[in-house]
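Take the given structure of chain C and dock chain L to it, following the hints.
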Amino acid sequence: MDTSDDPITAVAVGASVFGTLSSAANQRRQGREAQKLANQRAAVDLADAEAVEKQTREAARLELERGRKLLKSQKAGFAAGNVRVDVGSPLVVAAQTRADIARDVGYIFERGTTQASRFRQSAKFERKYGKTLRTQAKWAAVSTLFQGFGSLGFRAKDAGFFKKKETVLGEGLNP
Amino acid sequence: MTLIPVFQRQQLPLGQSGRVKPSFQLADRSGQIALGSQVAEFGGAMLDRITRAKANTEFYRFRGDLTKIEADVDRWITENPDATVEQFTTQQNNALALATKAGDRASTGLARDRISDFLEMNDDIFRQRTQFTYESIESKRQFNSLAKEREIALQTGDYPRLERAINDARGNLYSDEEADLQLELDTIRFDKLAADRVKQQAESDETVRGNALFEAAAQLPELEGRKLINQADDITTSNRNAQKARLSEHHSIRRSVNQKEVNTMLVPGATVESLLAARENLKLLDMEPDERSAADAQLLSRIREIDQGVDVFTPQATKRRMETEAHEVALGTERDKEDFKSRLHKLSADGEISGSLRDEWIGDLEQDYKSLESQLESDALKEGSVIVQDAFGGFASLVELKQALEQAGTDEKRQEAIILELEDKNELQISLQRRYDASIRKIVREQDLGPKEFNAAKQLSLIHYRELARTGVRAMEAERALFESGVDLTDTERERVASLMVDRNITTSEAIELVETTNDISQFKFAPPRKIGIGETLKRTLGNLGSGAAPPFGGGAPAAKPVRKGPIKITGFQNGAESIVSKTVGGKQVEGIKTKDGREIFKGDEFILAGKVWRYDGDGKATQLRNAPVRKR
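The listed protein sequences derive, respectively, from chains C and L.
Going by numbering that gives the first Met the number 0, the residue at position 169 of the first sequence is 168; the numbering climbs one at a time, nothing skipped.
Going by numbering that gives the first Met the number 0, the residue at position 137 of the second sequence is 136; the numbering climbs one at a time, nothing skipped.
You may find that some hints are simply not true.
[Unchecked claim] Under 10 Å between C-beta atoms, here's a sample of chain C residues computed to sit facing chain L:
1) 28
2) 84
3) 132
[As the list claims (entries may be wrong)] DEER-style ranges, computed between Cβ atoms:
4) C:109 with L:21: 54 to 62 Å
5) C:108 with L:5: 23 to 31 Å
6) C:72 with L:25: 51 to 59 Å
7) C:109 with L:29: 40 to 48 Å
8) C:13 with L:19: 42 to 50 Å
9) C:112 with L:25: 48 to 56 Å
10) C:13 with L:25: 30 to 38 Å
11) L:5 with C:91: 43 to 51 Å
12) L:124 with C:146: 50 to 58 Å
13) C:13 with L:62: 26 to 34 Å
14) C:108 with L:21: 53 to 61 Å
15) L:104 with C:13: 26 to 34 Å
16) C:145 with L:89: 18 to 26 Å
For the record, the hints were derived by calculation from the structure and aren't laboratory data.
Where is the CB? At the ideal position from N, CA and C, for every residue including glycine.
Only chain C is shown next, with the shape it has when bound in the complex:
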């Protein structure tokens, strides 16, 4: 019986083909899933960035509110002391207070923007890493297929799968 007709050989070849394909398919799937996970991780970063921005805006608004109240309180104090509030020192004090309030609000925004930016950058890197993982898995699958089928091909050749069937001539010293 020819090797290629042998059922055990067919089982061996089948196992080899199945194993290679299964291995490659799993590598591809692992890549796809890794990218999905990376995207999810990026989404978390983006959500964090938005939360920071929201917090920053609210903090700035509260700071502005506090400043405005302080200014009114200063004005009311000057007025109660019979000091004219529209000329001289009261104006200087008010200007100084407004400048301090603006500086504090500025710092609040700066800190929030920086934090949000960090989160957005992280989201970007996560997405990029996910893409890299998927590409990596794809090439690993290709490599597995190449190695598996290449090896199988050599073995099949050794086993005589690619040999042409020949008709054996009669015996004798004069062919």
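Quick look at chain L alone, frame taken from chain C:
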């Protein structure tokens, strides 16, 4: 002014989303990947293994084909010793092409690669080997041709041809030195052969002269022929003596032939006419005158006797005739012998033979009869012995058995059991053997039978004892099977049930069932003893054995165990080992044994053991007296 407090907000929203980043481990499928790799690896390994096995098979098949191809080339070389180098090279190439083709038959690439490498490496070796065979055959052929040429030259005495043949081989088959040596040797042989040829020629001449002389002498009467040979002067003395011996032999043969012819003429019952015709025929015989006249005188004398009414049955002729008859009688019946004796008495009374001759013949006949009888008896005893031994399986002697058991390390109890069983068998065999021998001797001594009758009796006896032996063995085997089955039976009961098993041809389990369903074992109807024993059968068959004589074999009922003769050594009781006891009777110490169940047995006491009645003889020995009575359950 009333101060109305206003709520001062201090809380801020969360600075993070509250979601957790999932780990990349969640996408890990390395297990599945590894499984796939392993399956692929396993498949590959399996394929490798199958391929290797197939490739090995194919490679060794190729080696077989190659061996055959090589053998074919060798055979071709042997069958074609005159083949040219070109033909041989063609064959070599053909063989290699065939080998390549045989290699192409391999289906696996592995085998094909191996074969290809093998052919690559062995191509030159193959060529060299076949070349060597070819050259050795070729040089052998050339040596053969040279040897033939040399032989022709030697045999024909052609020395130049011999010289030429050896010189042609010089530098080719022979080195110079070898050629010189061969020529020297052949020259010696050549000279010797030449001398032999001269000698043979001389001897041949001598032989021719001797033969011619013998032929001439044979034509003459013996004396004249010898004279002729003696007078010849051209032959050697040894040749002369040889020719004289040939002449003597020639005349001796002639005389012997003539005497036979004359004896034929003188046969008893010859008439005067036949004797006269014989006298005429004498002239045709190659006789010398004195021989012829002597023969003629014999014929004339017989004619005269017939004329004078003398009985031509001379005592010598009668003796010859009677001797022939006596031989036949000796193989016949007793009655034939008696008839023959009475005829001798009648011949003697009629004066045809003398009384002394008659007594001499009767004596010879009786002696022949006796020796034949003893021969037949001895043969019959041997045959019987073989048959009885065969029935018992031809076991080894007890001494050998004991030695074998000891060597095998069998424990003592088992040894004893085996030996006891074999002793029983041996006993039965010996008993049957004795009975058979006695019956044969009885036939011989008392019945006075002739050989034919004796043979008939012997055959009947053999059949009878063969059956007895088989029955005995079957009964013993049945008894042992019953014993091993553990059924509670006394020894005698066991013997009887075993006998029943043999008679009814039932199995052990059937017998046990029968015993267990029957309350009283004595109700069993055992097979009755045979009505007709062998003696009776023999008597009826032969009829003339004498009505008053007792049957030689003593009737039927053979299967019962015979009574043992002589004392035996008691080696043990069924209920345990014995101890020695003693008592004083009339002031005398009497020795005895005590069994474990408390029985005390003293010298002279009878006791029952193994279904037999014994008498204790002292010193641990007892004599078997008879079978024990059957004990009711």
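Item to complete: Go through the numbered hints given earlier and state which of them the structure violates, listing their numbers in rising order.
Response: 2, 4, 9, 11, 12, 14, 16
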